Amino acid sequence: MAESKNDVIRCESVYKIFGENAKKVLQNNNGKINQKEFEDKGCFIGVNNASFSVKKGEMLVIMGLSGSGKSTLLRCISRLTDTTAGNIFIDNEDLLAMNDKELIELRRNKMGMVFQSFALLPHKTVLENIAFPLQIKGTSTKDSIDRAMSMVELVSLQGRENSFPRQLSGGQQQRVGIARSLAVEPDIWFLDEPFSALDPLIRKEMQDEFLRLQGVLNKTILFVTHDFDEALRLADRIAIMKDGIIEQIDTPSNIVLNPATEYVSKFTSEVPRERVLKVEAIMDEYDSSKENVLSDLKVSKDAIVETVVEKVFSQDHPVPVIDNNNNIVGVLNCDNVITMLFGEKTKN
Amino acid sequence: MDNIKKFKDSKLALFLIVLTIFFILNFSIDESNGVLWRLPALFANLPGAINSFVESLINDWFLIEIYDPDIEEYEKTGLVKEITRTFSGLILFFIELIREILLGGVNTIASFTDWDFINENEWAKWPALPWTIVAGGAFILGYALKGLGLSLLAGLSAMYIAIFGQWYPAMETLSFVLIAAPFSFILGLLLGILAYKKRTVEKILAPLLNIAQTMPHFSYLIPVVAFFGIGDQAGALATIIFATPPMIRLTILGLKKVPPEVLESGLMSGCTKFQSLFKVLIPTARHDILIGMNQVIMQCLGMAVIASFIGAKGLGFNLLLALNGLKIGQALELGICIVLIAVTLDKLSLAWANKQTDYFSDLPFFERNKYSVLFFIAFVVSIILAYVGSIIFEGGINYFYIVEHNKGLTTQHFWQSGIDWIVENWYAGLQGFNSFLITGILVPMKNAYLGMPVIATFMLVMGVGYIVGGIKSSLIVCGFLICIAFTEWWDRALITAYMTTFAVLVSAAIGLIVGSLCAQNNLATKIILLVCDTFQTLPSFIYLIPVIMLFGVTDTSVLIAVIVYATIPATRYTVEGLRNVPVSMIESSKMSGANKWQQLTQIEFPLSMPHILLGINQTVIFSLFMVIIGAMIGTEDLGQLILKSLSDKNGIGNGLILGLCVSFIGLAVDHLIQVWSNKRKKDLGVI
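Order-wise, the sequence lines are chains S and A. Residues in the first sequence are numbered from 1 upward in steps of one, following this note's numbering. Residues in the second sequence are numbered from 1001 upward in steps of one, following this note's numbering.
Keep in mind the hints are simulated off the structure, nothing from the lab.
Capping the alpha-carbon separation at 20 Å, the derived lysine to aspartate or glutamate pairs in EDC-like fashion look like this:
| # | chain 1 | residue 1 | chain 2 | residue 2 |
| --- | --- | --- | --- | --- |
| 1 | S | K55 | S | D187 |
| 2 | S | K110 | A | E1264 |
| 3 | A | K1273 | S | E105 |
| 4 | A | K1681 | A | E1576 |
| 5 | S | K101 | A | E1264 |
| 6 | A | K1472 | A | D1670 |
| 7 | S | K24 | S | D82 |
| 8 | A | K1279 | S | E105 |
| 9 | S | K266 | S | D227 |
| 10 | S | K278 | S | E310 |
| 11 | S | K41 | S | D243 |
| 12 | A | K1011 | A | D1683 |
| 13 | S | K298 | S | D287 |
| 14 | A | K1273 | S | D100 |
| 15 | A | K1273 | S | D82 |
| 16 | A | K1197 | S | E20 |
| 17 | S | K137 | S | E105 |
| 18 | A | K1198 | S | E20 |
| 19 | A | K1197 | S | D100 |
| 20 | S | K56 | S | D91 |
| 21 | S | K101 | S | D82 |
| 22 | A | K1256 | A | D1288 |
| 23 | S | K242 | S | E39 |
| 24 | S | K242 | S | E193 |
| 25 | A | K1198 | A | E1264 |
| 26 | A | K1081 | A | E1065 |
| 27 | S | K101 | S | D187 |
| 28 | S | K36 | S | D243 |
| 29 | S | K137 | A | E1264 |
| 30 | A | K1279 | S | D100 |
| 31 | A | K1273 | S | E102 |
| 32 | A | K1197 | S | D82 |
Source: prediction; values computed, not measured.
Given only the sequences and the hints, what does the whole structure look like? Please build it.
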């Protein structure tokens, strides 16, 4: 894999095998994994040869059903579990070679994590929970409380700072979890199914909130979910896992348009594409040398197709697609949209 | 054919077969059959061996030279003896320190200087704190920790104790508890953490904890006396040994319940090992650890009476004297004092643990230190009062300083005359009931137990073991019982077993009925749980007071005390079990058209049975404990022998083996019930 200085997280052939003789069994098999054979030897495969990297400011969503190894992979990268084989680099530093002290320093300054069951400390108030990572670091009480108060405001929990976790709703508790994970201003943000334990409406609200925060903070994010829609909604790139193997890792549009395996297509087949794809994914190239008759309407390349489709259909000419600097980067024909919407069905 | 086969496989059939064989054996074997009637006492030499082992361990093992200042020479002495002597000296020092802060004295000063210094200097004496300071402190502490309610409880308790003239023994008891309780708490917490971290430690501790929690109180005293002599320090040590096991158990339980994600969240916040233990794990497991602390305090006060057998001073000792002298009124007052101390300490420690920090108040000096200032004011006022008192009550007792023992108000005449009245008016009825119970039920039952040939007992118990948990359980139970059968005390054990059986049957019946009735109604549930809570706070000894009052010194008294004590867990677990039946089950039974009775018998009882049986298990253990304590008022079972070996110089071997006998009875029953309950829970899918 090509090394890049921008990679905040880089995994190289990461394996996690559970079981007492995991390392030995893996060595004896020269890294070849045979599920049945491993299970006979009392081993269980968590992560099977995962290689990928995450760039600064990028959000990678790891998506998979339960038992697919997605949380295990996350825990390898946060080193909450020991990796059986492979290399993991955080900011080009070898994570697995770090001693306890270095690891603690890394976690205190660079990492934050949000948990599925919120994992708040029941004996501490909202404020104390948020200030906890700071106090662990040795920040003075006054500074940590001040900082925690500003985090309370960031996640809109003003007025609840002296409540105990048990007095809050699930959504509020997760806001505390989020605030706590951000209190030390980490560069890397791990989120392990943060919204899975919430009701659908609250989940939607929290996703919006999360996008808003990410818009402000621009962290490097590893987000684990079992909800494909959530992955599509949030991700810059999605890694789809099954039985410990990453089946496909790509942008949401590419996954929806070109599922790599049959397993992936099971998820994508039912997805309403117009709601997922951006204009960029279905536009034609713009050839400025040719003479083009374009409509007056312009659409952004990042716009979701659904939001512009009605306007595009009302135009007589192809619609120019522009980037953030107002340069024309492509054109959108009604044909593109129709193929996208009904393409496969008409082919069949 | 099919039906016969089914019947063969069914547990009921097996049980009937076991029962039949039991009765056949029972009637066909008698004393002439030798080994089948009673096993030979193979272990008869064991107590002697233990005695000589302990003696040589203390006196002859690893001799070291120690300088003896009294004879100004080096002297050979056993290492173990020196260690225990130093350790008990240390404990005694701390007990005396607290005692003298509260009551005044010279021992602490003497230990820093010497007795000559004390004799030469009149002033070298620590004065007692006036009781008003302690009471004032209790009011303020209660208020600071929780608020008005706790303040009143703590302060009024202190005032009650002072006014009723029990100040001196109460402070003695308090000084003893204030050393034993924190010590047990910390020791239990540490061992619990160690067991949580290291699997091996847990494996070693588990059987020890099981035995420790089924050993009767008295048995703890005997080895302590052998190693540490008698006195307050020995009492404190026995108390510590007794109070630590539940703390260990609850610590492990609590730590295991901490969700892995919470631990991970601590790690991701960058906790060191130390921080994740003390800032994440322990506080998260706080609920169970606090229950542990609560248990420790209760056990300590419960042991306060029992420890007085080996020389611990205080309320317990006086209570014991009062009971022996049948001064029921006085015993009752002392009992109330013990209960007040127990409840107050319990609530204070809970409030302390739940105390919260306020980050936002930017308070002026007085506000921030208002409790210290208040205490200082109380201190000064009390001293002035004590001085004024010395003028008012000149020559007599200074009621504003220390109310001397038994010189306060007293209600004992009231209680005593009440009892006299009861005895006078109800004597015939009570005695009638008493003699009916003894001649009609207890004696025949006892004879039936003693008339069981050993082979029949084993047949029955192992058969039940097989039905409940297969060959394995059968062998485990057999193992426990055979250890008892090989001692010379099988007959005694049978008597203990008969008393326990009787008490358990009655307790379980009462508990089930009362529990089921109360579970039908929200208010009744609340009330009964509160009653259980309150009764559980009372040290076991207290139960003996009212029954001796009514029935005198007989087996009936013991049994009634046992029954009252042992009914608590049966009731509590029944209520909890019934209330915790899932609502959906009840709704489904209602929608199937079940009436109240059908619902109870078809849905609620079967589903809550595993939990209820755990209550019965507790009932058995509680009964065993109380039956043994009953030796105090004279029974002729294992307990009586344990009590005897306490005063025997070479009692340690006997005491230990006797204690283990009791423990093994408990463990056998415990095993059967746990196995059944767990199996059943698994079948019902409740785990």
